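Q: With the hints as constraints, model all of the structure from the sequences given.
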Amino acid sequence: MNIEIRGISKRFGPVQANQDIDLDIRAGEVLGLLGENGAGKSTLMNVLSGLYRPDSGDIIIDGTAVSFDGPGDSIAAGIGMVHQHFMLVPVFSVVENVILGVEPTGAADYLDLDAARAQVQQINDSYGMEVPSDALIEDLPVGIQQRVEILKVLFRSADVLILDEPTAVLTPQEVEAFFGIVRALRDAGKAIVFITHKLHEILEIADRVSVLRQGRIVGNGVPSEFSEADLAEMMVGRPVSFSVGREAATPGQPVLELADVSLLDAGLEARLQSISMTVRAGEIVGVAGVQGNGQTELVEAITGLASVNAGRVTFNGIDITATSVRQRHRMGIAHIPEDRLKSGMVAGFTVAENMVLNRYYDERVARGVVIDWSRAEEQAAAACLKFDVRTPSVFLGAGSLSGGNQQKMVVARELERDVRLVVASQPTRGVDVGSIEFIHQQLMACRDAGNAVLIISSELDEILDLSDRIYVMFEGRVTAEFDNQDSCADRNAIGLAMAGVNRTEAA
Amino acid sequence: MNSQTTAAAPRAIDWRASITGGALILLALVIAFLLDSPWDSVSTFKISRPRDVWVVGHLTLPSQWFTTIAAVVLAFLGTRLFLKGGGRWTTLSLAVALVILAMAFLVWATAGKSISLTGMLQATVVRAVPIALAALGGILCERVGVINIAIEGMLLAGAFAGALFGSLMGGWAGIICAMLIGGVFGLLLAVLVITYRVDQIIAGVVINLFVLGLTSYVSSQVFAEFRWLNKATPFRAFKIPVLGDIPLVGPVLFNQNLFVYGALILVTLSTYYLFHTRFGLRARAVGEHPRAADTLGIDVIKTRYAHVIAAGMVAGFGGAWFTLGSVGRFDENMTFGRGFIGLAAMIFGRWHPLGALAAALIFGFADSLQQKLSILNTPIPSEFLSMAPYIATIVVVAGLVGQARPPAAIGKPYVKD
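If you read the sequences in order, they're chains A and B. The first sequence begins at 0 in numbering that gives the first Met the number 0 and counts up one residue at a time. The second sequence begins at 0 in numbering that gives the first Met the number 0 and counts up one residue at a time.
Because the hints were derived from the structure by calculation, they are not lab data. All values derive from a computational prediction rather than experimental measurement. Keep in mind that a hint or two might mislead.
As the list claims (entries may be wrong) - The list that follows gives simulated cross-link-like pairs (lysine to any residue, SDA-like), each with its CA atoms no further than 25 Å apart:
hint, chain 1, residue 1, chain 2, residue 2
1, B, LYS83, B, ASP39
2, B, LYS411, A, LEU50
3, B, LYS301, A, GLU102
4, B, LYS83, A, LEU304
5, B, LYS415, A, SER55
6, A, LYS385, A, VAL239
Claimed, not checked - If you anchor each label on the Cβ, the simulated ranges turn out as follows:
hint, chain 1, residue 1, chain 2, residue 2, range
7, A, GLY316, B, TRP14, 32 to 38 Å
8, B, VAL52, A, ASP108, 37 to 43 Å
9, B, ILE264, A, SER399, 55 to 61 Å
10, B, LEU263, A, ASP108, 19 to 25 Å
11, B, ASP198, A, ALA247, 19 to 25 Å
12, B, VAL414, A, MET330, 54 to 60 Å
13, A, ASP108, B, ASP244, 34 to 40 Å
14, B, VAL52, A, GLU268, 52 to 58 Å
Even for Gly, the Cβ is constructed at its ideal location relative to N, Cα and C.
A: This is the structure in structure tokens:
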């Protein structure tokens, strides 16, 4: 099945999400769709999967123009979408999830699970997916859950598969296995659209590539004709430097020490198990791991948002295990939260109001119980300038800034003071390349000024680029520690540790 | 990396099991020291009744021996929970302990006397019916992600409609109208919480208060004057041939009225529906992950509407039990919180119709126990005895805190973006 997209445009209010887009999706081919966050990739794919109606333009399937009124039409036409956030019912089995909505039934509406199981098994075998069909989704690792999503699409006999940022949640080894499945699908004649912002994935898996920037197609071609730098320049619109230019670290005294820290959740499940780690002055320590392996809880334990059930947290030699969040903050611990919209900022506040959230009570802006707004606004304006927050005014609602500017605003608030330790969780998630560079430079500057920096990220490249030392977390434990002074830690070994394969390398 | 001794992972303290265990030990002490009877006294339980086809002898138990053994078993269960934690056995231990406790009470109260075991179990089943039906209504709602606090009001509306239309048009019409009225309140709840996204708890409470006020007003103002409006003929028990003659089981299960059979059939049907049919699977998906269901072309809104209305009809049928299944007359607030007890049974039964039925039977037993105990002239004041079903509810719900897992999407309105 071939799809031609011709002249698709889609506008949301003032934002032109897609403009005059032409794209060819061909059977037996992997089309890589490359673009930054907010470039319009998701909009385009939602048009194709029937969620949005385009303002203008045509979708032509095998020579016939079609129009979709909803996801149902698109599924019926043979287009299957694998969402970035899985659409699986955790307490259902694999088979139940796969058949949901198109269930084979017998008399009296009886669910024919045996027939379904056989069918699922057959698809399973033909692409080497190895998914246990009776396991519950919640018991399966993320990589397998993703295969269930693909099974779902194939069970509905889709000929075109749209994969939205499919590798974001996978370890490097899982990515390899996943690419194997993608190739098997391609060789079976399926058309595949692979959406990503990771350049090396495009070079590895795509047969053709189209690059989106600001809602337009800015480049088409065969990946082998491009280098990573070419693709990056197309994606961003200007030359991009890849490495941060890191000089050797000169670590000093330990600033943060965790000794056998354990944390239980409300259901008494262990989220952190005997974590011990050290972050010294003048070094950046990275925590790698697939999302949901205790990183969130680790940050909460360090910043005081959660109280630990066992173990000790020490800051500059002082036991802070029982110290309040504000005390820790005032001692010089800065926290860049993993989800800025949830816990980093108030979208309904102005930039200036967001900037006083960590200082409204102290001498910098408060006069007794009253906030001195003119001073607060002055400080906010200065911080915006220093941290490259591009906003026409500090009175603008923070929610209307771009993701990159929001993140820089959070970074500005946290770092624009005397800090000793920076805990940065997913510091560049959903942020444009320019802001990523800037934030990375700021974190490096913090290190070079003799502060301790802890970076928690599920982007392994970010960890490898910035860190002097790397811890790997898996299921609430530190499974390995790597030295990365010269940025040459073994990617493969880190990947294995992320998957829980126990192989500790001496630091 | 580090050669120090690795600290043992902290043992998760299972507070729930500890507390439950402690409570059981306490109950064991109560049985051991308060439920005293002479060592030679005997409790007699009659099984066969005068006109039975097959006659079985009486069951006699040495009273003091029985209570002592019950105390020991309870203490054992309690200690085990307290020391080792219960894990998935906590619920089962609790259920077993409750049954033993009830039996010990019964044996103690009957010491030196005799009681009809068959009659008591028969009453247990009868009294479990409205609770089971309320629980079933709750399950149908919550499985699609809607909390139904309004079950109590729906029961009451069903009881009212059953009495009124039963008096006017006869029993069958009464049942049908009770179900229709229940369905109307289901529709009202659905409109409020699904379409207008009113907080589900608040909407439920509002419906409860509305039904209570309305029925109380009508019964005190209208029924008091026109008595013939509140004088329905209740459904009588009918014996199923052969099966009804089996000793003990026959009278308990096969010689009952329409509501008992109806409840058993509904529980069976809904178990089949929820877990073995296509639409049951879709319904559960809607309650667990509505967005996933939506992306697969399942209409979340329609599914929720259908189930909430069906739940209202089941509750209406359960409500009719209060009037058409027993006395034929409506009294102010005659459901006495049975709807809420039903919701407790739903939780205890883990949102499964069969589990809810089992839980309803425990509550029904507590209910019929208090009735029998007050007849047997025990030294416990009858006010305390009538608290039994509610105490059982509190114990059960408290013992389950944090353990039972409701459908994931419960209480959240579905917003398509």
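Q: For each hint, tell me whether it holds in the structure or not.
A: Verification of the hints:
| no. | hint | result |
| --- | --- | --- |
| 1 | B:LYS83 <-> B:ASP39 | violated (37 Å) |
| 2 | B:LYS411 <-> A:LEU50 | holds (22 Å) |
| 3 | B:LYS301 <-> A:GLU102 | holds (18 Å) |
| 4 | B:LYS83 <-> A:LEU304 | violated (31 Å) |
| 5 | B:LYS415 <-> A:SER55 | holds (24 Å) |
| 6 | A:LYS385 <-> A:VAL239 | holds (21 Å) |
| 7 | A:GLY316 <-> B:TRP14: 32 to 38 Å | holds (35 Å) |
| 8 | B:VAL52 <-> A:ASP108: 37 to 43 Å | holds (41 Å) |
| 9 | B:ILE264 <-> A:SER399: 55 to 61 Å | holds (59 Å) |
| 10 | B:LEU263 <-> A:ASP108: 19 to 25 Å | holds (21 Å) |
| 11 | B:ASP198 <-> A:ALA247: 19 to 25 Å | violated (58 Å) |
| 12 | B:VAL414 <-> A:MET330: 54 to 60 Å | violated (42 Å) |
| 13 | A:ASP108 <-> B:ASP244: 34 to 40 Å | holds (36 Å) |
| 14 | B:VAL52 <-> A:GLU268: 52 to 58 Å | holds (57 Å) |
Violated hints, listed in ascending order, are 1, 4, 11, 12; each of the other numbered hints is respected by the structure.
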